[in-house]
Amino acid sequence: MTLTETTYWVVGASFAIYILIAIRARAGTTQEFYVAGKGIHPVANGMATAADWMSAASFISMAGLIGLSYNGYGGSVFLMGWTGGYVILAMLIAPYLRKYGKFTVPEFIGDRYYSDTARVVAVICLIICSVTYVIGQMKGIGVAFSRFLETDYETGLFSGMVIVFFYAVLGGMKGITYTQIAQFCVLIFAYTVPAIFISLQLTGQPIPQLGLGSTLADGTYLLQKLDQTLLDLGFQEYTTSVRGSTLNMAAFTASLMIGTAGLPHVIIRFFTVPTVSAARTSAGWALVFIAILYTTAPAVAAMARLNIVQTLQPEPGQHLAIEERPQWFRNWERTGLLGIEDKNGDGHIQYNANPDTNELVKLDNDILVLANPEIAELPHWVIALVAAGGLAAALSTAAGLLLAISSAISHDLLKRTLTPQISERQELMASRLAMAAAVLGAGYLGLNPPGFAAGTVALAFGLAASSLFPALLLGIFSTRVTREGAVLGMLAGLTVTLTYVFQHKGIMFIPGTQFLGDMPPNWFLGIEPNAFGVVGALVNFAVTLGVTRVTAPPPPEVQELVEEIRVPVSS
Amino acid sequence: MPSEHAAQLRETYWRENRRWMLILGAVWFFVSLGCGVLWVEPLNQIQLGGFKLGFWFAQQGSIFVFILLIFVYARVMARLEKRLGLGESEA
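These protein sequences, in sequence, are chains A and B. Taking the numbering used here, I'd label the letters of the first sequence as residues 525 to 1095. Taking the numbering used here, I'd label the letters of the second sequence as residues 84 to 174.
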């Protein structure tokens, strides 16, 4: 069987499982559609949360981001940021919102701040975050199909949409939850198997997490060897190269952490468990499952980087002849992820940090995970598995985001704001229609990605950190914060963050609309736009607390609501 | 309206809860932004097998500690709820 045939079989089998689950897990009520009937076991929800959380970017791009773009240590911001957020979520957010016991994040903000304005501001933030995020997943689906199944991008995207449409529209959160559990199993298996092989080949240690700290065949430590090799090529040392400055790294990590804790599609997963204490343990299980991938990723990053460097330069001063480059190299050149240019015309590839003499002119981040099995000469089924895993990661995250978007529309905008008179049946129908519209909209944006699709980290995490997270946190931990304070705080956090991001990258990332003027890049204390969410959050806190001091306190029933959500049982 | 006794229980519960949040939050900060970012250079002078210690905290250690923190928090809160009679019947 050829590689493409094997891939079709493996991907087809995984899709058949998702459809089967969809048929068995139809939603009959709005409670089932929005929160899966609140009957999901905490471990199962942990698994679903892990799949919900780990996107196409986590699966395909993160190892490359760490190993190549951020040159090792600098990439730690993603590892700590995207896991540390779960500690905040488990302690400060999830249990209380679960106790509150309704369906969406804007719903809590609207009720707690006794204001439709607050609800609508929250809906807008949610939609910007989630839409930006979902476009990345749609692109991930199209790209995975086109690279592995040799279809064109559009066909791939349509196939993905059909699958998501099927289980998300039919089953809502219930269908999504059970499919995500299956998708987690596929993606984690697909990620760890090649990692185990590559770790064995390089270090003889089957556990990649330990392999990263082990010795190579020649007796030197892997990381030491990598540090030295990169230094020789003119790069910074792998284990110490800081991204920007220490302050920038701290801000970046903190922004991702609080952004994680404020992302609606993650928070609503904790509405599906039966109790408050289940919400806490479920966050722990989610992090266990996430950590399997997140602690494997840095090992893959370092090992694959070393593999690539050693392929290009087997011994110091000895360069790979272009004619002798391996088959995987030629395969990935065709996709445009790798590119060489023989600048000095010697028929060999010189790879180094100097842009004038470096002949590996294109080395895409995604190559580290995608080409890993081929570099390690693993069997066809492993390569097919990576394709199915990438698709599972993209589909599961897309479904979670689409649910957050559609429930904000059908529940927060229609039921709670515009047309409160609609019945349960009508709302369920509305939520299915909203879901269908969201899938089609996401598909359209996947086909015609707007400029801002590139800004997932800056937009989604920046907004969640600077607008939603502070409003949620203060809403739980203060009975005094007022509606005026929260609304102005959210708007201030949002404005500050977006202004800084757009000033660097263009308004909604449209080229040519940067208004940087004479300001140097990263002018604010050297903090880059992607790391700015935490600054926006601090502004939000300051504005909210300031305005609260000069406005009338919330009505007694709102203060009672806050007291009520702090304890697991109502008295 | 909750009785006086119930109000007192709630207050104890919330005070204990905040105390644990502060303790565990301090550890959370210490391992990630502390060991992983702020003090990474001095820690890198220490070698843990093939890892520089600061690098290890930033790429693996902090994540393991995060998991531990959540389960410890879930455990102490469950105990606290049981002690104060504030636990949920389904749990």
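None of these hints come from the bench; they were simulated from the model. Hints may contain errors.
[Said to hold, decoys possible] Dumping the calculated BS3-like pairs for lysine-lysine here, alpha-carbon to alpha-carbon at most 30 Å: (1) 626/A / 165/B; (2) 886/A / 165/B; (3) 623/A / 562/A; (4) 165/B / 867/A.
Checked hints:
1. The hinted pair formed by residue 626/A and residue 165/B meets the criterion: a straight-line CA distance of about 25 Å does not exceed 30 Å.
2. Straight-line distance between C-alpha atoms of residue 886/A and residue 165/B comes to about 59 Å, which puts the hinted pair past the 30 Å bound.
3. For a cut-off of 30 Å, the pair hint linking residue 623/A to residue 562/A stands: about 11 Å separates their Cα positions.
4. Our distance criterion of 30 Å between C-alpha atoms is broken by residue 165/B and residue 867/A, whose separation comes to about 72 Å.
Of the hints listed earlier, those the structure fails to meet are numbers 2, 4, in rising order.
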